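Using the hints provided, position chain B relative to the given structure of chain A.
Top line first, the protein sequences correspond to chains A and B.
Using the numbering used here, the first residue of the first sequence is number 389, and each one after it goes up by one.
Using the numbering used here, the first residue of the second sequence is number 389, and each one after it goes up by one.
Each hint should be verified, as a subset may be incorrect.
Straight line, CA to CA, 25 Å or less: simulated DSS-like cross-link-like pairs of lysine-lysine [to be verified]:
1. B:LYS545 / A:LYS584
2. A:LYS947 / B:LYS914
3. A:LYS859 / A:LYS942
4. B:LYS947 / A:LYS914
5. B:LYS577 / A:LYS584
6. A:LYS672 / B:LYS545
7. A:LYS695 / B:LYS448
8. B:LYS545 / A:LYS578
9. A:LYS914 / B:LYS885
10. A:LYS577 / B:LYS545
11. A:LYS947 / A:LYS859
12. B:LYS695 / A:LYS617
13. B:LYS695 / A:LYS545
14. A:LYS545 / A:LYS584
15. A:LYS695 / B:LYS517
16. A:LYS944 / A:LYS932
17. A:LYS628 / A:LYS613
18. A:LYS642 / A:LYS628
19. A:LYS847 / A:LYS932
20. A:LYS617 / A:LYS545
21. A:LYS517 / A:LYS545
22. B:LYS398 / B:LYS617
23. B:LYS584 / A:LYS577
24. A:LYS578 / A:LYS628
25. A:LYS545 / B:LYS578
26. A:LYS448 / B:LYS672
27. A:LYS517 / B:LYS672
28. A:LYS672 / B:LYS617
29. B:LYS695 / A:LYS517
30. A:LYS545 / B:LYS672
31. B:LYS517 / A:LYS672
32. B:LYS584 / A:LYS578
33. A:LYS672 / B:LYS448
34. A:LYS584 / B:LYS578
35. A:LYS695 / B:LYS617
36. B:LYS695 / A:LYS448
Here are some chain B residues pointing at chain A (derived, C-beta under 10 Å) [what the hints assert, rightly or not]:
37. THR497
38. ALA507
39. VAL537
40. VAL566
Note that these hints are calculated values from the structure, not bench results.
Here the structure is a predicted model, which is why all the values come from computation and not from measurement.
Glycine included, every Cβ here is placed at the ideal spot set by N, Cα and C.
Here is what each chain is made of, one letter per residue.
There are 2 protein chains.
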Amino acid sequence: MRQITDRELKEASLEKLNADCNEIRREIFSTVSRCGGHLSSNLGTVELTVALHRVFDFPKDKLIFDVGHQCYAHKLLSGRASAFHTLRKRGGISGFPKRSESPFDCYDTGHAGTAISAALGFAKARDLKGENYEVIALVGDGSFNNGLVYEALNSIKILHSRVLILLNDNGMSISPTVGGMHEMLSEMKKTAGDVKIFERFGLTYRGVVNGNDLSELLPALEEAKSLLKTGSVLLHVATKKGQGYSFCESAPEKTHGICPDGKQAEYNKALGEELCALAEKDEKIVAVTAAMTENLGLGAFFAAFPKRAFDVGICEEHASVLCASLAAGGMKPYYAIYSTFLERAFDEIIHDVCAQNLPVTFCIDRAGVSGADGETHQGVFDLSFLSFIPNLTVAIPKDIGEFRAMLRMSASWNAPLAIRYPREGTEGAISEIEIGKFEVLHSSTSDIVLLAAGERCLKLAEEVRSAALNKGIELALVNARFLRPLDGALLSALPQKYLVTLEDNCLIGGLGDAVARFYRTAGIQKEIRSFGYGDAFVPHGEPKALMGEFGLDKEKILKVVEEMYARG
Amino acid sequence: MRQITDRELKEASLEKLNADCNEIRREIFSTVSRCGGHLSSNLGTVELTVALHRVFDFPKDKLIFDVGHQCYAHKLLSGRASAFHTLRKRGGISGFPKRSESPFDCYDTGHAGTAISAALGFAKARDLKGENYEVIALVGDGSFNNGLVYEALNSIKILHSRVLILLNDNGMSISPTVGGMHEMLSEMKKTAGDVKIFERFGLTYRGVVNGNDLSELLPALEEAKSLLKTGSVLLHVATKKGQGYSFCESAPEKTHGICPDGKQAEYNKALGEELCALAEKDEKIVAVTAAMTENLGLGAFFAAFPKRAFDVGICEEHASVLCASLAAGGMKPYYAIYSTFLERAFDEIIHDVCAQNLPVTFCIDRAGVSGADGETHQGVFDLSFLSFIPNLTVAIPKDIGEFRAMLRMSASWNAPLAIRYPREGTEGAISEIEIGKFEVLHSSTSDIVLLAAGERCLKLAEEVRSAALNKGIELALVNARFLRPLDGALLSALPQKYLVTLEDNCLIGGLGDAVARFYRTAGIQKEIRSFGYGDAFVPHGEPKALMGEFGLDKEKILKVVEEMYARG
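Just chain A, with the same shape it has in the complex (with noise of 0.2 Å):
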């Protein structure tokens, strides 16, 4: 696509601002539909990323969205329209803001309900250094129902600064957005009702304008501009997501997040399958969820236990305590989650599950290297920031039906335990799992045993293992299934020398780590190596590449079990 400027924009009539909208929504379909990408919430912005981009002065002006993943018209706006065809690519535009990228991404965003604390900051620090700009924070109505959306409201009055903030309601999360405050903007977008909740935060409330239609956008993005010269200024904006393509507008859900390969998630169907078979057995199985139903499997447990099934929103932190509170109350909780979102309930694991050892079940989804979302998506710390906390079990399936052996495992373990898995998966035998045991896959002839955890890890271990045995070594394999407890008896009784560890997380703090620690306390001496990812935001690009170029790499393995082999 061409690139349309500002200053065109600016000039432009609303027929040629109409025409532009019409030519953004067309690259930003061709574009998801060929890479991947958030269509519905950016087919949703277009209107209200021109008026934005034709009433104030980017990049002087500072546009922070909300998660991030509605910024496609914006980087199509600004400068980057001849590049945006490498979106979502290593190298390429990023499906999220990027100060890296262009000083027109003022503040990196990727998980929900920032967007207002980093106005607020940017405000405030114009105001402390006298400097002359406007802040403008871009926030979907179900980010409004995170808790820090609300601390951040409530400190407008503290840090007396001004910030516009343009609530984009759709109505949707992921999932349909719920809750009280989502009742108060449906009927405020009903009856224009009571709008002095924001008010009471400090707000000026504007609104409900149609963000699909620039003939109500712009004069009110233009009040907007003029009110936020005394204080701060919510701006209520109803648009549609997928505005534009019917199919989008219909399945909003299934359209946020799209799959160029239109390759099937495996691991979330197994959790809703072996979830509905437990509950069916156990009346104390329920399910929890942060506003991510269908992406995490649920969708069916959800229609078969809706009594027992709970979308609390994005609220990952409640609903931990949610989940810890039930259990404590007598039920048997699962909360499915995708891993760098379970980083927001981080201290709730601990104190709240973890310090009562309390029988939760954490189903972490997406964990390892997940892709072309980029750094806020990579589940790559999870298994260093469970590897500490007490009373934890952090198992690590070797593929779905192992996957499935643990949930059916987990319905009489009573303890607090996380399952972590990454999106795509193949099936497999289900085999009884014993709590701590790892597996022995292949035993050796050589010194060298390879211990990898997780689908992916075991796959590229069973690789390096055959190109091995294509140069005469013979490694051993063991499926290390459990982060925590890990098998001290296998380890002990292993006779091999050398050790190569693999897994699919940060390098520190990980299985790596873990195993080290085990032989350097129990006194026994092996040589080990660790592969894993190192010291770095890992950013998008296709999984597989960027596991080999951030760490987990076949030729670089292979040479190291070569160089212990030479030595002996």
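Frame of chain A, contents of chain B only:
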């Protein structure tokens, strides 16, 4: 104090109840004066607790204390009067609710904002199991700034259950409560103003009731109990922090937490002094706290630089994003916080601060075992959860002088920095510090070197060293003052074969693991033994005794050193 039973309370005259309140108040005052603890909040809630025990039926009904530091009267009324003199002592009564201590404590708390979520979990479990009890969350107005409370309020309509929320409004967090919600609540107290915000969330609002007057409180609680039959209720109760003791009433921040030995914390004083001095020279410096101004030593900074000092209330996540964006906007933020409360901002440290590589300095107080507050306040995880975050530097001063030096160094450090330190400390020389450089304090004739991080462990290491010298073993000692980055040059050059690491942190994921990983990766053979806390939550007790009991015992370390020496 004699045990007052709920039966007695249910039958007593108002006069008798008031006499009971006085007796409880005296017992709390005398015990806290001797054992330390939370004074003013407990004095403020005596009548409320007595009224709850009269109106409800514990432990069948469930009473959940937000934060939990206001549970003393409840403990006295639930079979623990004769044991109350052991308050906060190792093996004695905890200063917080503990399921392990009594069936009257149904849910453990310690960090703010969890009680309503927890109440909803219990209520939902009750509904699903067809049980019959009431659930009450007692929540201070300070917690009403916390996002978790909002997330819970938002889900009342999702969960369709019945809970009673007692809003205990004393106008204080630890610092005075601030922000938009506080202003709303204040207005309600004055004019019974706009209560719609609570009704929108599905709560029937009643109040404001004088929570220190049983003649108002008892009928209000009876009414709330009756309303609770059909839905959730919020009863707004005004109490006076420190009620009954004039010094506590006039200085609630000072009497929030009482230290029986009157010892002054020293690191926080240095923080205040250094930040003031830096801020004089650098207009970009700002300070942020989440409702802990005085306890963190920031009182002087807030007085001297009111426009550059922000107390955002109990909002650890928001404070973190605010710091990141202040930095993105060109400021130099210092975020002072207790170690365990920083767990709440874990996701934001990773994605807002470190992924964007922004110059935010985290001043982490109460690191290591902090003592009498127990599990939720022991700062024994921070080295582990900060160890794997890319771009972050983690510093551990050996004394207050070095802490001052690190703060001075931080002024020109343009990236994320965390400095962790305990409450108490000793002064020391202020020498220039270089990032990632350790300090050799003693060289040795033996083949053993101690690597210790932080004041407590360096003191312990000196004690071990003296004791070893008495046995003719001279140990080297290194001040390992950075966890990230380690001093690779120094570690590579250490001539000793044996290393002993000491850290005031859990062993998993801390300094010992980092040092071992360094040598493993570098292919250097060392024999390493690590001392720190084991894989268990550390309960309440006296810090030095807890250190010994949970992993940092001088005699045990000495024994390991002697064994190493004997092996040669």
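Do the hints match the structure? See the list:
Note on LYS545 (chain B) and LYS584 (chain A): the hinted pairing holds, with a Cα-Cα distance of about 20 Å set against a maximum of 25 Å. A threshold of 25 Å between alpha carbons decides the hint, and for LYS947 (chain A) with LYS914 (chain B) the separation of about 24 Å falls inside it, so the pair holds. For a cut-off of 25 Å, the pair hint linking LYS859 (chain A) to LYS942 (chain A) stands: about 14 Å separates their Cα positions. Annotation: proposed proximity of LYS947 (chain B) to LYS914 (chain A) holds, straight-line Cα distance about 24 Å (limit 25 Å).
With a C-alpha separation of about 18 Å, the suggested pair LYS577 (chain B) and LYS584 (chain A) falls inside the 25 Å cut-off, and the hint holds. Distance check on the hinted pair: LYS672 (chain A) and LYS545 (chain B) sit about 22 Å apart at the alpha-carbon level, within 25 Å; holds. Restraint check for LYS695 (chain A) and LYS448 (chain B): the C-alpha separation of about 24 Å stays at or below 25 Å, so the hint holds. Under the criterion of a C-alpha separation no larger than 25 Å, the hint pairing LYS545 (chain B) with LYS578 (chain A) is consistent with the structure, at around 19 Å.
Between the alpha carbons of LYS914 (chain A) and LYS885 (chain B) the distance comes to roughly 16 Å, so the proposed pair stays at or under 25 Å and holds. With a C-alpha separation of about 19 Å, the suggested pair LYS577 (chain A) and LYS545 (chain B) falls inside the 25 Å cut-off, and the hint holds. In summary, the hint linking LYS947 (chain A) to LYS859 (chain A) is supported, as the alpha carbons are separated by about 11 Å, within the 25 Å threshold. About 20 Å separates the Cα atoms of LYS695 (chain B) and LYS617 (chain A), which keeps this hinted pair within 25 Å; it holds.
Between LYS695 (chain B) and LYS545 (chain A), the direct Cα distance comes to roughly 13 Å. Compliance with the 25 Å bound is thereby established for this hinted pair. Between the alpha carbons of LYS545 (chain A) and LYS584 (chain A) the distance comes to roughly 15 Å, so the proposed pair stays at or under 25 Å and holds. A hinted pair counts as satisfied when its Cα atoms are at most 25 Å apart, and LYS695 (chain A) with LYS517 (chain B) qualifies at roughly 12 Å. Proximity of LYS944 (chain A) to LYS932 (chain A) is assessed by CA-CA distance (about 15 Å); at most 25 Å being required, the pair is judged to hold.
Taking the CA atoms of LYS628 (chain A) and LYS613 (chain A), the gap is near 23 Å; set against the 25 Å cutoff, the hint holds. With a C-alpha separation of about 15 Å, the suggested pair LYS642 (chain A) and LYS628 (chain A) falls inside the 25 Å cut-off, and the hint holds. Simply put, LYS847 (chain A) and LYS932 (chain A) have alpha-carbon atoms about 12 Å apart, close enough for the 25 Å limit, and the pair holds. Using a Cα cut-off of 25 Å, the hinted pair LYS617 (chain A) and LYS545 (chain A) holds, with the two alpha carbons roughly 16 Å apart.
Restraint check for LYS517 (chain A) and LYS545 (chain A): satisfied, since their Cα atoms lie roughly 20 Å apart, inside the 25 Å limit. Pair hint LYS398 (chain B) plus LYS617 (chain B) holds up; C-alpha atoms about 21 Å apart against a cutoff of 25 Å. Taking the CA atoms of LYS584 (chain B) and LYS577 (chain A), the gap is near 18 Å; set against the 25 Å cutoff, the hint holds. Distance restraint check for LYS578 (chain A) and LYS628 (chain A): the Cα-Cα separation of roughly 15 Å lies within the 25 Å cut-off, and the hinted pair is therefore satisfied.
Pair hint LYS545 (chain A) plus LYS578 (chain B) holds up; C-alpha atoms about 19 Å apart against a cutoff of 25 Å. The suggested pairing of LYS448 (chain A) with LYS672 (chain B) holds, with an alpha-carbon distance near 20 Å, which does not exceed 25 Å. Taking the CA atoms of LYS517 (chain A) and LYS672 (chain B), the gap is about 8 Å. The hint holds against a cut of 25 Å. A threshold of 25 Å between alpha carbons decides the hint, and for LYS672 (chain A) with LYS617 (chain B) the separation of about 24 Å falls inside it, so the pair holds.
Proximity of LYS695 (chain B) to LYS517 (chain A) is assessed by CA-CA distance (about 12 Å); at most 25 Å being required, the pair is judged to hold. Between LYS545 (chain A) and LYS672 (chain B) the alpha-carbon distance is near 22 Å, which keeps this suggested pair within the 25 Å criterion. The hinted pair formed by LYS517 (chain B) and LYS672 (chain A) meets the criterion: a straight-line CA distance of about 8 Å does not exceed 25 Å. Only pairs whose Cα atoms come within 25 Å are accepted, and LYS584 (chain B) paired with LYS578 (chain A) is accepted, the gap being roughly 18 Å.
Under the criterion of a C-alpha separation no larger than 25 Å, the hint pairing LYS672 (chain A) with LYS448 (chain B) is consistent with the structure, at around 20 Å. Of the pairs offered as hints, the one joining LYS584 (chain A) and LYS578 (chain B) holds, with about 18 Å between alpha carbons and a cut-off of 25 Å not exceeded. About 20 Å separates the Cα atoms of LYS695 (chain A) and LYS617 (chain B), which keeps this hinted pair within 25 Å; it holds. Proximity of LYS695 (chain B) to LYS448 (chain A) is assessed by CA-CA distance (about 24 Å); at most 25 Å being required, the pair is judged to hold.
Using the Cβ-Cβ criterion of 10 Å, the hint placing THR497 (chain B) at the interface with chain A is satisfied: the shortest such distance is roughly 8 Å. Below 10 Å, beta-carbon pairs count as interface contacts, and ALA507 (chain B) has one with chain A at about 7 Å; its hint therefore holds. Residue-level restraint check for VAL537 (chain B) holds (minimum Cβ-Cβ distance to chain A is 8 Å; threshold 10 Å). With a cut of 10 Å, the hint placing VAL566 (chain B) at the interface with chain A holds, because the nearest CB-to-CB distance is about 5 Å.
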